[in-house]
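Listed below are the residues making up each chain.
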Amino acid sequence: MQNSNTENKGATVKRTGQKEGFVQTLKEIWSYREMIASFVRRDLRGRYKGSVLGFLWTFINPLLQLMVYTVVFTVILPSGIEDYPIHLFVALIPWIFFSSSVNGGATSILAYKDMVKKIYFPREVLPIATVTTNFVNMLLCFIVVFGVAFVNGYIPTAGVHFIALLWLIPLFIIEYVLSLGVAFLAAAVTVYFRDMEHILGIFVMAMQFLTPVLYNFDQINSEAAKTLLNLNPMSPIIQGYRNVIYNQQIPQNLMWLLYSFIVGLAVLIVGWFVFEKLKRRFAEEL
Amino acid sequence: MQNNADSIYSIEIDDLYKHYRIYKDKGRELKERLLFFWRNKYTKNKVIDGISLKIKKGEAVGFVGHNGCGKSTLLKMLSRIIYPDKGVITTRGKISGLIELGAGFHPDMTGRENIYNNASIFGLTKKEIDERLDKIIEFSGLGEFIDAPVRTYSSGMYMRLGFSVAINVDAEILLIDEILAVGDGEFQAKCMKALRDVKARGTTIVIVSHSLSQIEEICEKSYWINDGRIMMEGEPKEVHNAYLSATVQN
Numbered sequence: 001m002q003n004s005n006t007e008n009k010g011a012t013v014k015r016t017g018q019k020e021g022f023v024q025t026l027k028e029i030w031s032y033r034e035m036i037a038s039f040v041r042r043d044l045r046g047r048y049k050g051s052v053l054g055f056l057w058t059f060i061n062p063l064l065q066l067m068v069y070t071v072v073f074t075v076i077l078p079s080g081i082e083d084y085p086i087h088l089f090v091a092l093i094p095w096i097f098f099s100s101s102v103n104g105g106a107t108s109i110l111a112y113k114d115m116v117k118k119i120y121f122p123r124e125v126l127p128i129a130t131v132t133t134n135f136v137n138m139l140l141c142f143i144v145v146f147g148v149a150f151v152n153g154y155i156p157t158a159g160v161h162f163i164a165l166l167w168l169i170p171l172f173i174i175e176y177v178l179s180l181g182v183a184f185l186a187a188a189v190t191v192y193f194r195d196m197e198h199i200l201g202i203f204v205m206a207m208q209f210l211t212p213v214l215y216n217f218d219q220i221n222s223e224a225a226k227t228l229l230n231l232n233p234m235s236p237i238i239q240g241y242r243n244v245i246y247n248q249q250i251p252q253n254l255m256w257l258l259y260s261f262i263v264g265l266a267v268l269i270v271g272w273f274v275f276e277k278l279k280r281r282f283a284e285e286l
Numbered sequence: 001m002q003n004n005a006d007s008i009y010s011i012e013i014d015d016l017y018k019h020y021r022i023y024k025d026k027g028r029e030l031k032e033r034l035l036f037f038w039r040n041k042y043t044k045n046k047v048i049d050g051i052s053l054k055i056k057k058g059e060a061v062g063f064v065g066h067n068g069c070g071k072s073t074l075l076k077m078l079s080r081i082i083y084p085d086k087g088v089i090t091t092r093g094k095i096s097g098l099i100e101l102g103a104g105f106h107p108d109m110t111g112r113e114n115i116y117n118n119a120s121i122f123g124l125t126k127k128e129i130d131e132r133l134d135k136i137i138e139f140s141g142l143g144e145f146i147d148a149p150v151r152t153y154s155s156g157m158y159m160r161l162g163f164s165v166a167i168n169v170d171a172e173i174l175l176i177d178e179i180l181a182v183g184d185g186e187f188q189a190k191c192m193k194a195l196r197d198v199k200a201r202g203t204t205i206v207i208v209s210h211s212l213s214q215i216e217e218i219c220e221k222s223y224w225i226n227d228g229r230i231m232m233e234g235e236p237k238e239v240h241n242a243y244l245s246a247t248v249q250n
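Protein chains in written order, with the numbering used here: chain A, 1 to 286; chain B, 1 to 250.
Hints are computed from structural coordinates only; laboratory data are not their basis.
Just so you know, these numbers come straight off a predicted model, no measurement behind them.
All C-beta atoms in this analysis are idealised placements derived from N, C-alpha and C, irrespective of residue type, glycine included.
Keep in mind that a hint or two might mislead.
Said to hold, decoys possible - Here are a few chain B residues that face chain A, going by a calculated C-beta distance under 10 Å:
hint: 1; residue: R28
hint: 2; residue: L30
hint: 3; residue: R80
hint: 4; residue: H106
hint: 5; residue: D108
hint: 6; residue: M109
hint: 7; residue: S120
As the list claims (entries may be wrong) - The calculated lysine-lysine pairs, modelled on PhoX-like cross-linking and capped at a C-alpha distance of 25 Å, are:
hint: 8; chain 1: A; residue 1: K277; chain 2: B; residue 2: K44
hint: 9; chain 1: A; residue 1: K117; chain 2: B; residue 2: K41
hint: 10; chain 1: B; residue 1: K221; chain 2: B; residue 2: K57
hint: 11; chain 1: B; residue 1: K127; chain 2: A; residue 2: K27
hint: 12; chain 1: A; residue 1: K118; chain 2: B; residue 2: K126
hint: 13; chain 1: B; residue 1: K46; chain 2: A; residue 2: K113
hint: 14; chain 1: B; residue 1: K44; chain 2: A; residue 2: K118
hint: 15; chain 1: B; residue 1: K190; chain 2: A; residue 2: K118
hint: 16; chain 1: B; residue 1: K193; chain 2: B; residue 2: K57
hint: 17; chain 1: A; residue 1: K118; chain 2: B; residue 2: K199
hint: 18; chain 1: B; residue 1: K126; chain 2: A; residue 2: K49
hint: 19; chain 1: A; residue 1: K277; chain 2: B; residue 2: K86
hint: 20; chain 1: A; residue 1: K113; chain 2: B; residue 2: K44
hint: 21; chain 1: A; residue 1: K117; chain 2: B; residue 2: K86
hint: 22; chain 1: A; residue 1: K113; chain 2: B; residue 2: K31
Construct the entire structure; sequences and hints are all you get.
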């Protein structure tokens with residue numbers, strides 16, 4: 001009945017005016033993994049009320065969005081895209097993962113300000129938990145997406161399509177990295193500027209129009225517009241999802257996808273450093 | 001580094017300084033900061049003004065002083081909630097705090113589930129919590145209520161559960177801020193006994209409290225903090241007498 005596990009955690013901690021080492025912070029976040037898991041579980045359970053019906057209920061929001069856009073782009077302003085709802089659906093779900101990670105990430109520290117002011121835990125836990133919650137939520141939504149696609153005849157038949165589906169894994173990773181980077185930035189800055197939340201709302205909306213969610217990338221005629229769109233790191237990611245599920249082929253824009261990954265890593269590094277710098281005054285600023 | 005880890009001191013504080021920024025009229029929003037940038041001036045308010053001290057492993061010490069003397073700030077710096085401006089704090093071993101009992105409790109979840117929520121905030125892994133679960137439940141004395149939602153608990157039951165999680169983290173350093181001022185007599189007595197047990201196992205304890213008698217009961221050393229400096233340190237009764245007579249004179 002000895003406490004065998006606490007020994008290696010009892011590291012010597014020095015704190016000065018300087019920052020802690022990167023490896024030390026990472027190790028500490030890892031030792032708090034149960035806290036991240038616990039936050040994710042609690043958040044999902046709160047959303048779904050612990051049942052499948054509860055999960056379906058949270059699905060009403062994306063479903064209504066889907067209906068509105070479908071009416072706009074098939075009846076009012078016909079886009080000429082075959083199976084428009086599915087075309088949209090495969091892009092909308094990953095887009096919602098990104099946008100809710102940014103918006104939720106922005107308020108992740110503020111939402112737990114009483115805890116941040118009174119208890120020590122690695123502050124990185126809060127944005128990480130927020131992004132992970134939204135990620136798990138996306139995975140669950142994808143089950144529905146696959147169901148709908150399947151019913152509409154998007155049935156994986158040939159071997160090529162299975163290989164294409166494997167591409168979902170790198171797509172998940174790239175989008176997670178980018179979302180986490182933006183969430184770190186948004187979380188830290190919003191502590192200092194409370195209205196950042198609203199500014200970010202506009203930013204996310206603008207970014208959605210610069211991402212081929214509602215329309216198809218190939219519909220764009222202007223080369224300049226295509227370049228502009230590709231520079232937005234979310235754009236190749238969303239096209240990748242659409243290629244894999246809707247077009248049933250591997251992503252057609254691998255170079256741009258690599259670009260998205262590099263931008264995502266860069267954003268994560270910048271976001272991390274900004275967060276590390278600003279987190280030291282969180283308890284005083286809240 | 002090996003020598004360092006074997007040091008007999010579990011806490012070392014060397015020439016510590018901390019000030020807070022007191023803003024006259026601070027903008028909380030980007031809009032305000034841009035439009036009224038001249039309002040962002042602040043004055044520095046010194047809270048910790050050059051403190052150095054060493055606390056041995058297994059020692060229990062108390063910090064006393066009037067409100068605003070800096071003792072709670074010192075405790076917050078020990079737990080890493082805030083960071084010093086200057087100076088070095090070295091701590092050896094896992095730190096747990098009896099500062100906010102029941103942090104992260106979710107009202108709709110049962111006591112048992114909330115043990116996992118709460119203990120994870122102290123940095124325990126699932127396996128470590130599993131190992132401690134029986135001990136925590138037993139100490140809380142909640143019996144069958146452990147499987148009832150926490151929203152049905154009385155405030156006393158809530159505190160008991162929070163305390164029994166925090167005390168069973170098995171930290172090497174335990175930080176306590178005014179926690180024992182709450183709860184009924186029986187609960188307080190149980191807490192004091194638990195603290196003595198933890199101390200007997202070699203845990204270093206730091207208490208900030210206005211209850212001088214509680215410090216005298218547990219600690220072998222007391223620090224009187226005034227205006228961010230150590231006024232006096234030594235045997236608790238002596239320090240407290242000096243502190244009390246100074247308070248009366250003012």
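*Pair hint outcome, K113 of chain A versus K31 of chain B [Cα-Cα no greater than 25 Å]*: holds, 22 Å
*Is K127 of chain B within 25 Å of K27 of chain A, Cα to Cα?*
Holds - the C-alpha atoms of K27 of chain A and K127 of chain B are around 17 Å apart, at most 25 Å.
*Would you check the hint for K190 of chain B and K118 of chain A, treating anything up to 25 Å between C-alpha atoms as holding?*
holds, 24 Å
*Given the hint that K117 of chain A pairs with K41 of chain B, does the C-alpha gap stay at or below 25 Å?*
holds, 23 Å
*Pair hint K221 of chain B and K57 of chain B, alpha-carbon separation not exceeding 25 Å*: holds, 13 Å
*With a cut-off of 25 Å on the C-alpha distance, tell me whether K113 of chain A and K44 of chain B pass.*
holds, 23 Å
*Satisfaction of the D108 of chain B interface hint, Cβ to chain A closer than 10 Å*: Result: holds, 8 Å to nearest chain A Cβ.
_Hint consistency between K117 of chain A and K86 of chain B [alpha-carbon to alpha-carbon, up to 25 Å]_ = Holds: K117 of chain A and K86 of chain B sit about 21 Å apart, inside 25 Å.
*Double-check M109 of chain B for me: the hint is only fine if its C-beta lies closer than 10 Å to a C-beta in chain A.*
holds, 7 Å
*Satisfaction of hint between K199 of chain B and K118 of chain A, Cα-Cα up to 25 Å*: holds, 24 Å
*Can the restraint linking K46 of chain B and K113 of chain A be considered satisfied, given a maximum Cα separation of 25 Å?*
Holds, at about 24 Å.
_Restraint: S120 of chain B near chain A, CB-CB cut 10 Å. Satisfied or not?_
Hint on S120 of chain B: holds, closest Cβ of chain A at ~4 Å, below 10 Å.
Comparing the model with each numbered hint stated earlier shows that all of them hold.
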